[in-house]
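Chemist: Chain residues, written in single-letter form:
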Amino acid sequence: MALLEVRDLSVVFQRKGEKPFTAVDGVSFDVDPGQTVGLVGESGCGKSVTSLAIMGLLPRRGNRVGGTATFEGTNLLSLSDNQMRERRGRDLGMVFQDPLSSLNPVISIGLQVTEVLQRHRGMKGDAAKRKAAELLDKVGIPDPTRRLSEYPHQLSGGMRQRALIAIALACAPRLLIADEPTTALDVTIQAQILSLLKELVTDTGTALVMITHDLGVVAGLCDEVNVLYGGKIVERAERHALFNHARHPYTHGLLGSIPRLDAPKGEKLVPIKGSVSDNIPWDNGCAFAPRCPNAIDDCRQTMPVLETDGPGQLRCHNPVELADAVREGAR
Amino acid sequence: MTTIMPKRRKDKVDELAKAAGTSLTAQAFKRMRRSPVAITGAVIVALFLLMAIFAPLLTPKDPYFRYPELFTIKTPNFIPGSMPGFLFGSDEFGRDFFSRVLVASQQTLLVGVLATLIGLSIGMVIGGLAGAFGGWVDTVLMRLVDVMLSVPSLLLAISIAALAAQPSQWTVIIAVSIVTVPIFARLLRGAMLAQRSSDHVLAATAVGIRRRTIVLRHMLPNSMGPVLVQATLTLATAILEAAALSFLGLGDPDTDRAEWGLMLANAQRYLEVRPELAFYPAIAIIIVALGFTLLGESMREALDPKNRR
Ligand SMILES: Nc1ncnc2c1ncn2[C@@H]1O[C@H](COP(=O)(O)OP(=O)(O)O)[C@@H](O)[C@H]1O
Ligand code: SF4
Ligand SMILES: [Mg+2]
Numbered sequence: 001m002a003l004l005e006v007r008d009l010s011v012v013f014q015r016k017g018e019k020p021f022t023a024v025d026g027v028s029f030d031v032d033p034g035q036t037v038g039l040v041g042e043s044g045c046g047k048s049v050t051s052l053a054i055m056g057l058l059p060r061r062g063n064r065v066g067g068t069a070t071f072e073g074t075n076l077l078s079l080s081d082n083q084m085r086e087r088r089g090r091d092l093g094m095v096f097q098d099p100l101s102s103l104n105p106v107i108s109i110g111l112q113v114t115e116v117l118q119r120h121r122g123m124k125g126d127a128a129k130r131k132a133a134e135l136l137d138k139v140g141i142p143d144p145t146r147r148l149s150e151y152p153h154q155l156s157g158g159m160r161q162r163a164l165i166a167i168a169l170a171c172a173p174r175l176l177i178a179d180e181p182t183t184a185l186d187v188t189i190q191a192q193i194l195s196l197l198k199e200l201v202t203d204t205g206t207a208l209v210m211i212t213h214d215l216g217v218v219a220g221l222c223d224e225v226n227v228l229y230g231g232k233i234v235e236r237a238e239r240h241a242l243f244n245h246a247r248h249p250y251t252h253g254l255l256g257s258i259p260r261l262d263a264p265k266g267e268k269l270v271p272i273k274g275s276v277s278d279n280i281p282w283d284n285g286c287a288f289a290p291r292c293p294n295a296i297d298d299c300r301q302t303m304p305v306l307e308t309d310g311p312g313q314l315r316c317h318n319p320v321e322l323a324d325a326v327r328e329g330a331r
Numbered sequence: 001m002t003t004i005m006p007k008r009r010k011d012k013v014d015e016l017a018k019a020a021g022t023s024l025t026a027q028a029f030k031r032m033r034r035s036p037v038a039i040t041g042a043v044i045v046a047l048f049l050l051m052a053i054f055a056p057l058l059t060p061k062d063p064y065f066r067y068p069e070l071f072t073i074k075t076p077n078f079i080p081g082s083m084p085g086f087l088f089g090s091d092e093f094g095r096d097f098f099s100r101v102l103v104a105s106q107q108t109l110l111v112g113v114l115a116t117l118i119g120l121s122i123g124m125v126i127g128g129l130a131g132a133f134g135g136w137v138d139t140v141l142m143r144l145v146d147v148m149l150s151v152p153s154l155l156l157a158i159s160i161a162a163l164a165a166q167p168s169q170w171t172v173i174i175a176v177s178i179v180t181v182p183i184f185a186r187l188l189r190g191a192m193l194a195q196r197s198s199d200h201v202l203a204a205t206a207v208g209i210r211r212r213t214i215v216l217r218h219m220l221p222n223s224m225g226p227v228l229v230q231a232t233l234t235l236a237t238a239i240l241e242a243a244a245l246s247f248l249g250l251g252d253p254d255t256d257r258a259e260w261g262l263m264l265a266n267a268q269r270y271l272e273v274r275p276e277l278a279f280y281p282a283i284a285i286i287i288v289a290l291g292f293t294l295l296g297e298s299m300r301e302a303l304d305p306k307n308r309r
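Protein chains in written order, with UniProt numbering: chain G, 1 to 331; chain S, 1 to 309.
The following block holds chain G by itself, in its conformation from the complex (with noise of 0.2 Å):
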């Protein structure tokens, strides 16, 4: 059994006097233990939304969410309040996408390690400290002990970055949710982050969603990817499949628009046309019609569903054919 299933999981949110707005819609996914799985897709499709509602952290009024999340046999949807926070920080971790602001500028770094130890692990004082001093040590900061003391002004962006990794990996989480945990930081910091991050759960062999807008930061790390679009999973791949032979149009768009090492030199990016404000709900048919350069009229009519395609999943009327996509992979 996987240790994270996600099935069907929707999120709808209600405000009075307005539309209500799906912006989960039927989601399913699994991660096994030690497994690395993307969430892709564009700003605005989801992802974000996803992963607060696995892991029980959005606002408590206005949204309506269902399906399941079942985490090692308990569906934490189904849990109470209380429940889920003795869950969080020990069972799952979560790591931002903002990390300055992640972080409670009044406080001490070290507190703000020592706490997530106290509540879940029940250590305190000296024995904390050292724990809290050899968790930052782990996560590639230097001269631990003396940082223990320090504020988050005080430290530079990466370094705020793998303070959180620290305190989400504290007590040893099975399973870690990176939201875009590059995004806000300098090029050359990002790679650093995410070497960190796959090295770590390669060591401790936690499992962990890489949830990202860049196809190049799925490339590096994870093990499969799902592709969202409109808050519905569009494409579902193993890595190497996924980029060699990408079958739905949106994933090629993604990954035309990425900059290609070995590209040719001269050859221009393909942006997707359009953005996902332009959507159409799916309920009249595909939501990436209007966007889509392989549209066919049975796409306006009829909402594609997820559908095996070989070892990956595909929802699309008119897929790429395999023969280009493997031209254009071997390009």
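You may find that some hints are simply not true.
[Claimed, not checked] Simulated restraints on C-beta separations:
(1) G:Asp126 - S:Leu216: 19 to 29 Å
(2) S:Trp136 - G:Ala127: 36 to 46 Å
(3) S:Arg34 - G:Ser156: 21 to 31 Å
(4) G:Ser156 - S:Leu216: 24 to 34 Å
(5) G:Ala219 - S:Ser121: 33 to 43 Å
(6) S:Leu216 - G:Thr308: 47 to 57 Å
(7) G:Ala172 - S:Ser197: 52 to 62 Å
(8) G:Leu111 - S:Trp136: 26 to 36 Å
(9) S:Phe29 - G:Gly205: 43 to 53 Å
Just so you know, the hints here were simulated from the structure itself, not pulled from any lab data.
Owing to the predicted nature of the structure, the values given are computational and were not obtained by experimental measurement.
Think of the CB as a built atom: it goes at the ideal place given N, C-alpha and C, for glycine as much as any other residue.
Keeping the supplied structure of chain G fixed, place chain S with the ligands upon it in accordance with the hints.
Modeler: Below, chain S with the ligands alone, put in the same frame as chain G:
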């Protein structure tokens, strides 16, 4: 000046609450050190504090003693003015007016600080509960606070003080402090609500930190900046309002006590003979209130995220 008009008060309070999470950083402090307004305010406040603390040592004469030499001239309605040894001359009872103006600063400091502290404590409990629990607790408490805010503060203080069976300085302190409660409550509540939806509170929640710890460690300390600014501003208002209550005869009726508001009230009767009797306490009140206002306003400005750089 410091008494914020009732209608606009709510907006001002909300504006200040928005600065939540921006604690008194070294950066803000540095900015204040460069500002002449802040320095002026800080100097006035420091001088006032020194004066109040060391008043018993600074007074050249006994402020409570009725000096016979000031009474020697037995002309009715004559009050001696400045003379050697008695810088500001005599008051209507033959006491050294300079010494009395000096010691009165103690009374002002005591009333101002106590009224502010009491108002701050009660206001923080109400605002803290509303901000921590949200929901109906918040709704009920804030309705209450809005009602209090809608009554002009001096009017409310006068009503409270007038209702007291036995006027004393405690009725003044309580009346003035109750008036400040809704301001502190609304301010802290706004700052706490901003903290509640902040990233670092979400991150702490994501590692399972208990709700109580979240409120006390992650929301409350980050919400204190604007509250401290307001406390400084409130000191000015409290001093003015306490003086006003005494002036209106709603304070301690004991004529021995030196108190600027009371001095001002008594001076009215001798305005034609000795206008200085009104002038000195009035100037003292204005300068001290101005000092706290300048300091508070420059703190507010330094904390404003819009001015960060
Ligand atoms: N609290 C909320 N209330 C209403 N709509 C929301 C809320 N949070 C997110 N959304 C909407 O849900 C959609 C998905 O958001 P999100 O999951 O944050 O996207 P991303 O994939 O960039 O992480 C967006 O259109 C966003 O506007
Ligand atoms: S279903 Fe049609 S519109 Fe949607 S992605 Fe496939 S081809 Fe394009
Ligand atoms: Mg996001």
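Chemist: Work down the list of hints and note, for each, if the structure agrees.
Modeler: Hints, one by one, checked against the model:
no., hint, result
1, G:Asp126 - S:Leu216: 19 to 29 Å, "holds, 23 Å"
2, S:Trp136 - G:Ala127: 36 to 46 Å, "holds, 42 Å"
3, S:Arg34 - G:Ser156: 21 to 31 Å, "holds, 27 Å"
4, G:Ser156 - S:Leu216: 24 to 34 Å, "holds, 29 Å"
5, G:Ala219 - S:Ser121: 33 to 43 Å, "violated, 58 Å"
6, S:Leu216 - G:Thr308: 47 to 57 Å, "holds, 52 Å"
7, G:Ala172 - S:Ser197: 52 to 62 Å, "violated, 29 Å"
8, G:Leu111 - S:Trp136: 26 to 36 Å, "holds, 33 Å"
9, S:Phe29 - G:Gly205: 43 to 53 Å, "holds, 48 Å"
In this structure, the hints that do not hold are numbers 5, 7, in rising order.
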